[in-house]
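Novice: Given the coordinates of chain U, assemble chain B onto it according to the supplied hints.
Protein sequences appear in the order of chains U and B. Note that the working numbering numbers the first sequence so that position 210 is 196, with each residue one more than the last. Note that the working numbering numbers the second sequence so that position 11 is -3, with each residue one more than the last.
The set of hints was computed from the structure by calculation and includes no laboratory data. Ideal placement from N, C-alpha and C gives every residue a C-beta, glycine not left out. It is possible that part of the hints are untrue.
[What the hints assert, rightly or not] In silico DSS-like cross-links for lysine-lysine, where the CA-CA straight-line distance does not exceed 27 Å:
| no. | chain 1 | residue 1 | chain 2 | residue 2 |
| --- | --- | --- | --- | --- |
| 1 | U | Lys432 | B | Lys572 |
| 2 | B | Lys82 | U | Lys419 |
| 3 | U | Lys82 | B | Lys38 |
| 4 | U | Lys572 | B | Lys429 |
| 5 | B | Lys38 | B | Lys24 |
| 6 | U | Lys500 | U | Lys475 |
| 7 | U | Lys166 | U | Lys203 |
| 8 | U | Lys368 | B | Lys585 |
| 9 | U | Lys262 | B | Lys585 |
| 10 | U | Lys446 | U | Lys475 |
| 11 | B | Lys432 | B | Lys253 |
| 12 | U | Lys184 | U | Lys171 |
| 13 | B | Lys429 | U | Lys308 |
| 14 | U | Lys74 | B | Lys253 |
| 15 | U | Lys457 | U | Lys475 |
[What the hints assert, rightly or not] Distance ranges between label pairs, derived from CB positions:
| no. | chain 1 | residue 1 | chain 2 | residue 2 | range |
| --- | --- | --- | --- | --- | --- |
| 16 | B | Leu359 | U | Ala580 | 39 to 49 Å |
| 17 | U | Ala88 | B | Pro307 | 41 to 51 Å |
| 18 | B | Gly449 | U | Glu149 | 39 to 49 Å |
| 19 | B | Asn69 | U | His512 | 25 to 35 Å |
| 20 | B | Asn69 | U | Lys500 | 51 to 61 Å |
| 21 | U | Ile559 | B | Ala218 | 53 to 63 Å |
| 22 | B | Gly234 | U | Lys203 | 45 to 55 Å |
| 23 | B | Leu359 | U | Pro330 | 25 to 35 Å |
| 24 | U | Phe107 | B | Lys572 | 57 to 67 Å |
| 25 | B | Asp578 | U | Pro301 | 26 to 36 Å |
| 26 | B | Lys572 | U | Pro301 | 23 to 33 Å |
| 27 | U | Thr233 | B | Ala465 | 53 to 63 Å |
| 28 | U | Pro330 | B | Thr566 | 33 to 43 Å |
| 29 | U | Lys342 | B | Gly234 | 49 to 59 Å |
[Said to hold, decoys possible] In silico contact screen, one side only, chain B against chain U (beta carbon under 8 Å); selected entries:
| no. | residue |
| --- | --- |
| 30 | Glu120 |
| 31 | Thr233 |
| 32 | Gly247 |
Number of protein chains: 2
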Amino acid sequence: MAGAAPSEEALRRALAERQAAVDAQAEAVRSLKASGAKVGVDAAVEALKALKIEAGAAARRLQAAVGSGGGAAREEMRQAVGNTLERKLFYIPSFKIYRGVAGLYDYGPPGCAVKSNVLAFWRQHFVLEENMLEVDCPCVTPEVVLKASGHVDKFTDLMVKDEKTGTCYRADHLLKDFCKDKLEKDLTLSPETAAEFKRVLAVLDDLSREELGAKIKEYGIVAPDTKNPLSAPYPFNLMFQTSIGPTGLSVGYMRPETAQGIFVNFKDLYYYNGQKLPFAAAQIGQAFRNEISPRQGLLRVREFTLAEIEHFVDPEDKSHPKFVDVADLEFLMFPRELQLSGEPAKLTKLAEAVSKGTVNNETLGYFIGRVYLFLTRLGIDKSRLRFRQHLPNEMAHYAADCWDAEIECSYGWTECVGIADRSAYDLKAHSEKSGVPLVAHEKFSKPREVEKLVIVPSKKDLGLAFKGNQKMVVEALEAMSEKEAMDMKAALESNGETNFQVCTLGKEVVITKKMVSISMEKKLEHQRVFTPSVVEPSFGIGRIIYCLFEHSFYTRPSKSEEEQLNVFRFPPIVAPIKCTVFPLVKNQEFDDAAKVLDKELTAAGISHIIDTTAFLSGGGTQERTRSVFLLQ
Amino acid sequence: MAGAAPSEEALRRALAERQAAVDAQAEAVRSLKASGAKVGVDAAVEALKALKIEAGAAARRLQAAVGSGGGAAREEMRQAVGNTLERKLFYIPSFKIYRGVAGLYDYGPPGCAVKSNVLAFWRQHFVLEENMLEVDCPCVTPEVVLKASGHVDKFTDLMVKDEKTGTCYRADHLLKDFCKDKLEKDLTLSPETAAEFKRVLAVLDDLSREELGAKIKEYGIVAPDTKNPLSAPYPFNLMFQTSIGPTGLSVGYMRPETAQGIFVNFKDLYYYNGQKLPFAAAQIGQAFRNEISPRQGLLRVREFTLAEIEHFVDPEDKSHPKFVDVADLEFLMFPRELQLSGEPAKLTKLAEAVSKGTVNNETLGYFIGRVYLFLTRLGIDKSRLRFRQHLPNEMAHYAADCWDAEIECSYGWTECVGIADRSAYDLKAHSEKSGVPLVAHEKFSKPREVEKLVIVPSKKDLGLAFKGNQKMVVEALEAMSEKEAMDMKAALESNGETNFQVCTLGKEVVITKKMVSISMEKKLEHQRVFTPSVVEPSFGIGRIIYCLFEHSFYTRPSKSEEEQLNVFRFPPIVAPIKCTVFPLVKNQEFDDAAKVLDKELTAAGISHIIDTTAFLSGGGTQERTRSVFLLQ
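Looking at chain U on its own, in the form it has when it is part of the complex (with noise of 0.2 Å):
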């Protein structure tokens, strides 16, 4: 371990213990002092001064360590980007002229350039080398199927009231800021406290309602604008509500994704597809999160654009026939192991991670393969991007494997691209609620012989015994698991007669043996029905933009050295620009020129300048053009 910087836990605990013998120290001189003693005031003096020093270093490196240091940086290069952005107009904030609304930004010009070369780069790149299957579905979505997607019940994050004003906040956002706060600035918390505050930092999304509203109690959390007392957390729906129609009696909310679109479409889709799986479908446009209260600039925004791929999969058969094609890439992977034990994201193969088991499977990986492949070539520094596996508690139970793409920027390591398998949750879903199966089928190439449970209930003998709950208890009956109907059949035969629980009646009643026959039976099956399983690639796309703009971000001295550039240095397929045309001379000749070369540049597609004011004006929007739009 030599060499190997000390943990942060090690740093605080030997600023406590200076801490602890510059008070000691200083009680000693005081008792000195104050027993008139003149030997030795002075010797104790200068080995106070001497602790002081030393706690100073201690709580000097602790500084380090805990990085409130690079946080300035951090802001400051954040700061030079946003403005360099906002002033040539890569986003604008909405609304401006009213003073604008909180996590809303539009695209300017050049921003609406690069949004669009993204899209068109997403959709050759997935859309068009997959023969993914393409839909656009309304934003506006009636609230059966928001309910069964399980956003109307559960799309919520916990918020707490300023008690006087009514301002709201997120109850995460605060506990998290308090704690990462105390950390960065409170040199004097004890290793325990501080471990304390770390643990809460890790399980901040599993925390309940009432454990995160004890925590801000615990800690006397208040309104940070007001400092006035806080109401308890409760769940506030991210959906935007509207009404469909006149009568106002029909709940639609805005879409907070694109998949729902997708799902409910499946049936469709796999007949378009000749009824052969796998399959992907793919949709980009606007979704709507109505955010507490929304910070983190472009990264936390209240309407966005999503890309999103839901690749249908035989679940007993997540192979894939191009997983050789990204097999060999080797990238940060951060698996859910390193991230338990502390150790950071490692280079790893994609294919052995595979192999290994680390990814669940192969069309999971090839996915992340080709994440990996979309981001780079955007022009994503492929040392700040890496794929970190969702926690156990972090993933939906119903998902079999999760694995974000997260890309580091000024603000941290960010989200932005979920790759999910998310099984046969949203199809079975939507099956249930709406009452069309949403199944493919496997036809075998000769029938197969199978054995089925086969439940046959006496109507008449449970018509005598229970009379108007005679439905109800056939209903049960039949809808019996294979063990539960060979447990019964067991207890009957044996018994003659066994109790059994009907929920819809809330009881148990007695069943006899006369009243149901059971039994496995030999069939053939020519087909096999099953609900498929979705492996989920979701692209923000306006984080990844925002990510792609600090990372193409540097300055440099102006030529005279007066002043320093900022340059957005983009690889041209995201470049807004592709070229400007500069006459060298101011005349006719050189005009007529730059016109056939502008018409010439149109036809071709290719976004360009022509700048004939260079030689009027000074160079001046020159100088823009060239700081700003420089290709690789």
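Specialist: Then chain B, alone, in the frame of chain U:
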């Protein structure tokens, strides 16, 4: 006039005369029979038969002229197109498994590809070709913006309710349906009543809430589904309302058009463009209208994609340097005069329409020409495309001129693009509401001397005279127009005092000479400050695509001549699949060659299908692909 078809009115009159003759003769026959006469009865009956035949022929001629026969053919064509589109997943009623939502449609894979092709061509033809500044603003819009634009107060349709069931209908639609139905199906209408119904149809858009209600009452129109009585009409705002943020206090709407996002950014865009006019900004995005009862399939929907251009221009110079490029175009134009005189649209040279003043200015003319080129290059049949000028009462009061590109489809002539000179209305409205001046500057090469009105109220004298009302009087004096001020000056000079209406006080006050000094002073001005005019071409992308589907559609017999095949013949730029590769023989070598082609086509960004199933499944897929995606 030889050979001209008789007018509908003449046909109605002829039928009414013949019907009267039938009635008279029938009466004569009855009298003859009643009188017991033997002689002449047979002859009279024969004459009655002959008259009935004549009346029948007259009825058929009228029926043919009012065209419900043509309606049936149109209806059949619409069904054939609609069925093919839906079967091939060009579009899908949204949320179909939940029985859908009226007015919401998904684009399925080929529809989505067509849409994306149309938008790409729009960007190429307008944004790139004209160096427009493209922006991308959110759909969620705070109330203040749409209050300024007038949408909160005026973006309404008049609605009536079934008084028993509460079902809502658009009042004008009910009246329109009633009149059209009568005109098409009731052959016994007197020419006068028919003329009245026609007049109502012509002024339908112009009827006030009260007039509409009175007509519905007068005609005894009831709820079409239940025959229940209807409520009086009342306005219903067509915007989807929502709430921004968690407090519920901040009202927002889903934007009803994309234009406002451009207007509120005018200042930044003008600076971005180097403070030069003219320039255009453009936006493609979703817009939302909560229609009362959507019908007409894909033509009237609750969410749709708009592509809008706002071309900002000096109101004193609306010439366009590139007008020469479109001046020689000749197409169907339908100016006001032709509409009012009942003549049809006429082939007109654009240069002539502008030079004669039919089209208000060159810039407007230029965009009309560019829209014509855009639509016809997409594949719109130029004989079924016309540019119709708005009638004076149809146009917003602030608009200088307005033309709709109308495309004929099975629903009749359909507005697909609106091209309006909206003068300075929008920028002025947002300047006023936001307090941020949205203006342009023309710097003079040398300062100009101008006369300026100077009004200096004497606050002391006004204060003595009006006490607490002083401020209102001062403001009213300062707000006088040049004419009002000079009139006051003259009155004060001749009479020493004058009456003056102060609106904010709601009364007249007496102004004496010493209360205000009014003069015209010469000043040097270095620039002219003005609000630009805006010419707005606004494209309903979904409507254009639907008309394109109809214009590209035809049927032909299959090779075996057993069935009709439905075919869309798209131009290459629109076609969803540019080519299909069919290996001629099923073997590895051909499959490998197909894979190489696949990679190369993908790399070139050409959408395609590799169809290796044709020889396995007997050509089903092949026929499907060929019949739907035929290229010109």
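Novice: Does each hint fit the structure? Answer for all of them.
Specialist: Hints, one by one, checked against the model:
{"no.": "1", "hint": "Lys432/U x Lys572/B", "verdict": "24 Å, holds"}
{"no.": "2", "hint": "Lys82/B x Lys419/U", "verdict": "13 Å, holds"}
{"no.": "3", "hint": "Lys82/U x Lys38/B", "verdict": "75 Å, violated"}
{"no.": "4", "hint": "Lys572/U x Lys429/B", "verdict": "22 Å, holds"}
{"no.": "5", "hint": "Lys38/B x Lys24/B", "verdict": "22 Å, holds"}
{"no.": "6", "hint": "Lys500/U x Lys475/U", "verdict": "11 Å, holds"}
{"no.": "7", "hint": "Lys166/U x Lys203/U", "verdict": "17 Å, holds"}
{"no.": "8", "hint": "Lys368/U x Lys585/B", "verdict": "26 Å, holds"}
{"no.": "9", "hint": "Lys262/U x Lys585/B", "verdict": "22 Å, holds"}
{"no.": "10", "hint": "Lys446/U x Lys475/U", "verdict": "19 Å, holds"}
{"no.": "11", "hint": "Lys432/B x Lys253/B", "verdict": "25 Å, holds"}
{"no.": "12", "hint": "Lys184/U x Lys171/U", "verdict": "14 Å, holds"}
{"no.": "13", "hint": "Lys429/B x Lys308/U", "verdict": "63 Å, violated"}
{"no.": "14", "hint": "Lys74/U x Lys253/B", "verdict": "13 Å, holds"}
{"no.": "15", "hint": "Lys457/U x Lys475/U", "verdict": "21 Å, holds"}
{"no.": "16", "hint": "Leu359/B x Ala580/U: 39 to 49 Å", "verdict": "23 Å, violated"}
{"no.": "17", "hint": "Ala88/U x Pro307/B: 41 to 51 Å", "verdict": "43 Å, holds"}
{"no.": "18", "hint": "Gly449/B x Glu149/U: 39 to 49 Å", "verdict": "47 Å, holds"}
{"no.": "19", "hint": "Asn69/B x His512/U: 25 to 35 Å", "verdict": "31 Å, holds"}
{"no.": "20", "hint": "Asn69/B x Lys500/U: 51 to 61 Å", "verdict": "54 Å, holds"}
{"no.": "21", "hint": "Ile559/U x Ala218/B: 53 to 63 Å", "verdict": "59 Å, holds"}
{"no.": "22", "hint": "Gly234/B x Lys203/U: 45 to 55 Å", "verdict": "26 Å, violated"}
{"no.": "23", "hint": "Leu359/B x Pro330/U: 25 to 35 Å", "verdict": "58 Å, violated"}
{"no.": "24", "hint": "Phe107/U x Lys572/B: 57 to 67 Å", "verdict": "35 Å, violated"}
{"no.": "25", "hint": "Asp578/B x Pro301/U: 26 to 36 Å", "verdict": "31 Å, holds"}
{"no.": "26", "hint": "Lys572/B x Pro301/U: 23 to 33 Å", "verdict": "30 Å, holds"}
{"no.": "27", "hint": "Thr233/U x Ala465/B: 53 to 63 Å", "verdict": "45 Å, violated"}
{"no.": "28", "hint": "Pro330/U x Thr566/B: 33 to 43 Å", "verdict": "49 Å, violated"}
{"no.": "29", "hint": "Lys342/U x Gly234/B: 49 to 59 Å", "verdict": "51 Å, holds"}
{"no.": "30", "hint": "Glu120", "verdict": "4 Å, holds"}
{"no.": "31", "hint": "Thr233", "verdict": "6 Å, holds"}
{"no.": "32", "hint": "Gly247", "verdict": "6 Å, holds"}
The structure does not agree with the numbered hints 3, 13, 16, 22, 23, 24, 27 and 28 stated previously, though it agrees with the rest.
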